[in-house]
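Whenever a hint applies, use it, and build me the whole structure from the sequences.
First to last, the protein sequences are chains Z and D. Just so it is clear: in the first sequence, position 143 is 143 by the working numbering, and no numbers are missing. Just so it is clear: in the second sequence, position 136 is 136 by the working numbering, and no numbers are missing.
Hints in this document: simulated from the structure, not taken from any laboratory. Backbone N, C-alpha and C define an ideal beta-carbon position, used for all residues, glycine too. There may be inaccurate statements among the hints.
Said to hold, decoys possible - Per the computed footprint, the stretches of chain Z lying under chain D, defined by three or more beta-carbons under 8 Å from a beta-carbon of chain D, are:
hint	region
1	2–14
2	18–28
3	97–109
Claimed, not checked - No farther apart than 27 Å at their CA atoms in a straight line, the calculated lysine-lysine pairs in the DSSO-like style are these:
hint	chain 1	residue 1	chain 2	residue 2
4	D	Lys81	D	Lys116
5	D	Lys116	Z	Lys104
6	Z	Lys194	Z	Lys157
7	Z	Lys156	Z	Lys104
8	Z	Lys104	Z	Lys92
9	D	Lys81	Z	Lys104
10	D	Lys81	Z	Lys157
11	Z	Lys84	Z	Lys104
12	Z	Lys194	D	Lys81
13	D	Lys81	Z	Lys92
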Amino acid sequence: MRILIAEDDAVSRRILETYLRNWGYEVVTTLDGDEAWRAMSEPNAPNLAILDIMMPGIDGLEICRRLRQLSGAITPYIILLTAKHGASEIVKGIEAGADDYLTKPYDRSELRARVQVGVRIVELQNKLAVRVKELEGALEHVKLLQGILPICSYCKKIRGDQDYWQTVESYVADHSEAEFSHGICPTCYETTVKDQLARFRAFTSQDSESAPIKRRLIET
Amino acid sequence: MSTELVSNDIFLVQALIPTAPTNSANLEAIDWGVLATLEEIREDGEPDLIVELIDLYIGDAPHWIEAIRIAVAGNDAPMLKRAAHSLKGSSGSLGVRQVAETCRMLELNCSDSAGKVEELLQILNREFAAACDALVAERTRRLG
Chain Z
1 MRILIAEDDA
11 VSRRILETYL
21 RNWGYEVVTT
31 LDGDEAWRAM
41 SEPNAPNLAI
51 LDIMMPGIDG
61 LEICRRLRQL
71 SGAITPYIIL
81 LTAKHGASEI
91 VKGIEAGADD
101 YLTKPYDRSE
111 LRARVQVGVR
121 IVELQNKLAV
131 RVKELEGALE
141 HVKLLQGILP
151 ICSYCKKIRG
161 DQDYWQTVES
171 YVADHSEAEF
181 SHGICPTCYE
191 TTVKDQLARF
201 RAFTSQDSES
211 APIKRRLIET
Chain D
1 MSTELVSNDI
11 FLVQALIPTA
21 PTNSANLEAI
31 DWGVLATLEE
41 IREDGEPDLI
51 VELIDLYIGD
61 APHWIEAIRI
71 AVAGNDAPML
81 KRAAHSLKGS
91 SGSLGVRQVA
101 ETCRMLELNC
111 SDSAGKVEEL
121 LQILNREFAA
131 ACDALVAERT
141 RRLG
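In structure tokens form, the structure reads like this:
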């Protein structure tokens with residue numbers, strides 16, 4: 001996981017870098033707000049940023065606001081790390097778009113725990129983004145059947161887009177990825193097919209003289 | 001929060017860092033507990049992180065002190081606030097607690113009368129000198 005840090009104070013920056021590297025993160029270091037904003041605006045920007053508020057160039061709050069206005073699928077997780085104390089300062093930071101706020105001097109284990117929360121959220125966001133992309137890809141292959149379809153009350157044909165009547169199966173086949181295999185349901189077999197088969201058998205066996213002609217007719 | 005130490009704890013810290021500076025006039029300028037915490041993240045075979053941090057601090061802090069002096073002389077409250085805030089950050093990170101506290105006071109009182117901020121500046125100069133003595137002694141000990 002790559003983490004961007006923006007800190008103008010050399011001592012604080014070096015300590016923060018060392019902590020994060022020791023915990024196994026790749027660190028992108030920036031020395032002021034302008035440099036941080038440029039790095040976070042790039043296409044492959046880190047997904048997690050730890051920003052000071054008061055620093056030369058764009059301040060940390062303004063970077064939060066700008067990042068929240070970007071329309072990327074994944075928005076970075078932002079931790080403000082600052083010497084500004086007090087509830088009103090924390091509210092300002094969160095309202096500007098920060099996800100978390102930690103005041104200096106900070107406890108190392110608290111910072112680590114908060115970074116781990118950020119990493120979990122970023123990983124969850126990434127997983128969701130992959131799933132959304134997969135679903136979008138799947139939707140492209142699905143034709144939609146929706147709206148009111150005019151259907152004949154007798155023959156059950158459907159009036160299609162070009163104002164001509166189609167059988168249900170040809171209409172559905174044209175408007176979806178579905179295909180049909182034909183069969184006979186038990187009800188239709190009992191009410192219709194069974195009787196027709198019986199009559200057909202009786203017809204073909206009644207008259208031995210005319211039977212070959214009938215069979216030939218049926219075959220053709 | 002890193003281990004907070006009061007002056008009575010200094011001998012305990014000296015036990016944790018056996019050869020911490022013994023010049024008692026300067027000992028209280030530094031929160032040795034902060035340095036002890038930083039010592040924990042030092043990696044074997046890597047350069048001494050605390051020496052590196054002391055060098056960064058001693059190289060950087062005088063610029064902020066000069067900025068504070070100019071701001072006080074010019075009655076420039078925003079510049080004073082900015083410079084005091086920055087020096088407070090680096091001082092706090094390295095455990096230079098008295099300088100950090102005086103910077104906090106300067107930041108809070110940046111718009112006060114010239115007499116008040118000038119007095120704080122004088123205190124800051126004394127505390128910074130004491131802190132530098134302690135840090136340089138610690139640096140020498142570590143490199144020695």
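Verification of the hints:
Residues of the region 2–14 of chain Z lying with their CB closer than 8 Å to a CB of chain D number 6, which satisfies the three-residue condition for coverage. Residue count for the region 18–28 of chain Z with a Cβ under 8 Å from a Cβ of chain D: 3. That meets the three needed, and the coverage hint holds. Coverage of the region 97–109 of chain Z by chain D holds. Counting CB-CB distances below 8 Å, 5 residues qualify, and the rule asks for three or more. Between Lys81 (chain D) and Lys116 (chain D) the CA atoms are separated by roughly 14 Å; this keeps the pair inside 27 Å, and the hint holds.
For the given pair, Lys116 (chain D) sits about 26 Å from Lys104 (chain Z) by alpha-carbon distance, which is consistent with the 27 Å threshold. Of the supplied pair hints, the one linking Lys194 (chain Z) and Lys157 (chain Z) holds, its CA atoms being roughly 25 Å apart against a limit of 27 Å. Among the hinted pairs, Lys156 (chain Z) with Lys104 (chain Z) is inconsistent with the structure: their alpha-carbon atoms are about 75 Å apart, more than 27 Å. Pair hint Lys104 (chain Z) plus Lys92 (chain Z) holds up; C-alpha atoms about 17 Å apart against a cutoff of 27 Å.
Using a Cα cut-off of 27 Å, the hinted pair Lys81 (chain D) and Lys104 (chain Z) holds, with the two alpha carbons roughly 17 Å apart. With a C-alpha separation of about 81 Å, the suggested pairing of Lys81 (chain D) with Lys157 (chain Z) is violated against the 27 Å cut-off. For the hint pairing Lys84 (chain Z) with Lys104 (chain Z), the CA-to-CA distance comes to about 8 Å; that is within 27 Å, so the pair holds. In summary, the hint linking Lys194 (chain Z) to Lys81 (chain D) is not supported, as the alpha carbons are separated by about 97 Å, beyond the 27 Å threshold.
Using a Cα cut-off of 27 Å, the hinted pair Lys81 (chain D) and Lys92 (chain Z) holds, with the two alpha carbons roughly 19 Å apart.
Of the numbered hints given earlier, the model fails hints 7, 10, 12; all others are met.
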